[in-house]
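Asker: These are the residues of each chain, in order.
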Amino acid sequence: MAETTRTSATTIDSAACAPEWTEILRQMIFIRRFEEATEREFRRGKIGGYLHVYSGQEAVATGILSAIQKGDIVFSGYRDHAHALTLGADPCRVMAELFGKATGVSKGKGGSMHLFDAEHGFYGGYGIVGGHLTLATGAAYALRYQQTERIVVCYFGDGAMNIGSFHEAMNIAGLWGKQGMCPVLFVIENNGYAMGTSIERHSALTDLSARVRAYSIQAEKVDAQDVFAVRGVADRVIRQIRETGKPYCIEAVTYRFSGHGAADILQPYRTKDEVEEHRHRDPIMILRNRLREICGLSDDDVKKMEDDAGERAAQAVKFAEESPVPDPRELFTDVVAEHGPQPETES
Amino acid sequence: MAEKTYRDAIREAMMEEMDRDTNVLIMGEDIGVYEGTFRITAGMLKKYGPRRVIDTPIAEAGMAGTAVGMAMLGLRPIVEMMTMNFAIVAADQILNHAAKVRYFSGGQVDVPMVIRGPQGAGVQLSAQHSQTFETFYGHFPGLAVVTPATPADAKGMLKTAIRGKDPVIFLESAALYGMKGEVPDDLDFTVPFGQSRVAREGSDVTIVSYGRMLQVSLIAAEKLSNDEGIEAEVIDLRSIRPLDLQPSYASVAKTHRAVVVQEQWKPFGAAAEIAASITEEMFDDLDAPVARVTGEDVPMPYARNLELLATPHEPQIIAAVKKVMYHD
Ligand SMILES: Cc1ncc(C[n+]2csc(CCOP(=O)(O)OP(=O)(O)O)c2C)c(N)n1
Ligand SMILES: [Mg+2]
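Read top to bottom, the protein sequences are chains A and B.
At position 142 of the first sequence the residue is numbered 142 (our numbering), and the sequence of numbers has no breaks.
At position 201 of the second sequence the residue is numbered 548 (our numbering), and the sequence of numbers has no breaks.
Calculated from the structure, these hints are not laboratory results.
Given the structure is predicted, the values throughout are model-derived calculations rather than measurements.
To give a feel for the contact side, a few chain A residues facing chain B, derived at Cβ under 7 angstroms: (1) Leu135; (2) Thr137; (3) Ala139; (4) Ala142; (5) Asp334.
Straight-line alpha carbon distances no greater than 30 angstroms define the calculated DSS-like cross-link-like pairs of lysine-lysine that follow: (6) Lys70/A with Lys512/B; (7) Lys178/A with Lys70/A; (8) Lys670/B with Lys613/B; (9) Lys178/A with Lys394/B; (10) Lys178/A with Lys393/B.
Quick reminder that beta carbons are idealized off the backbone N, C-alpha and C, glycines included.
Input sequences plus hints: build the corresponding full structure.
Answerer: What follows is the structure, given as structure tokens:
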């Protein structure tokens, strides 16, 4: 991986000590605690359905979403808790969504895979692998058509690159980009696996950014366990996207520490040693160590962040638990805007 | 009022709405420079330019999916499918995305988009190019599915579709593109969804249909009147979802007999849904089981004689009417 990584974090200067980085660390720690709480609540039977957690990939959400502006729009797959939270969605309402409660961000109708918070720019949360890439492409066109400076960020996994809609979205984005009509940042969250199928087993060409470049979209790879590196690339390319209206792709090379989903316990496709090895490159640890060394972040500071994150996650669980389930009448709302389901006919 | 073709009515609806609202745009394969496979979009690129009349690559999923994203951000895209047969490739984008994002987001977005294009049997287009899709889409909550049978309805319903807030599957009958009919001139002439109409009054039997089969049913009704003295009441459903069966029920209360006509395969089809509903609601009024007239349960053959055998025509409708009237 190292030799193909174009951006490294060796160029950190005093800017690294800006309070912003402490905030990013705080957010990354919070995401981790939040996800650990979701796994616990899943085991307690409080969270149903599928649950895909983000542990290990925190630098991808935070490194990029800390670089965007208010008004920008974000699409993601089903591994979406971190994106919603980083954009500012209320953790209590995100947890409530996972609990299937009326107070959830999607009123309890979406669940883990369909978080949605338009107010904070989060446009979902999609459960069909690769299905949302076209939506993001169209949204980007709309933002330019409306003559705004806003951009779209679209996250997807390495596995999503094998489905037809990926190719259709890339080709159309490449074409529309030539007219400056497609300001979208595609982010490949390359965690090495699509469920249990490794990249070597799912992609004929394993250089994923090269596959994007085939569609006339600039793409670069970044070591995404290093949030400095991610943010560095993000700042530069987001500026470029905003200016040119052309799509860009970041291949964020990362790793997921938990199973694919909460049901993936045995993980026969990888060894414990492999996971352990990657835990030595925990993105939270990497940022924490750097802030310690360069900026004098103390153990006490870190402990406080950890405690605070744990407490906020616990609060979210409490809120979710105490929230009411959706009113049965909600079953029939939001199907369509103008005409609800067929009224019962009187005979 | 002026006499117009079904084709021109569709084009006019789109152009009037594009004049009225800059958020309306259209995309599709060969709709711009080539001016449309069926010339529905002729002249539109010249008038509105490439940002609003977008020639896409051959990418049905890409077209449908980008339209969903545009719609979520406030545009009103129209997607022209060269024929609806090709939209199967975009099924995931339409059924899993367009139809569901309002619901799973708890109502946070509107999805005002139209997917329109021709469907149905043509002349020797064979298995992959002759299908109808109202049954397929009609199954899915979150969509509106409409099947206009006249130029006036084509125009009025397309305007309703473009001005709405939900994804609409607008199913045009390729065989009706050249059909002429009176179309109101009023720029705000619209036809609401979910209001079926009596297309022909009669007292002896009720024929329920939509789209091209409505026209075939009307011809059959005239023949029945002339040759047999049977007066059929013909109901035009106009939209399949939402489905308005009240006029059909009212008609059955009068005639006590019903025949449902659809172009495609019988199993699990729209006619089955309609016949079941009539039976549930009007059981005590019926003097005979509700009959269905449908296409044969085979992929469409190429040979002209076989093709004609595969699709329903007036004789089958007439036979079904006689059957429910015990005239055979
Ligand atoms: C079209 C489709 N096929 C299969 C699935 C089941 N599925 C869910 S996630 C997944 C793996 C996706 O891997 P990747 O895109 O790399 O994302 P990651 O889970 O690694 O974040 C599969 C096969 C699905 N949701 N959608
Ligand atoms: Mg993956």
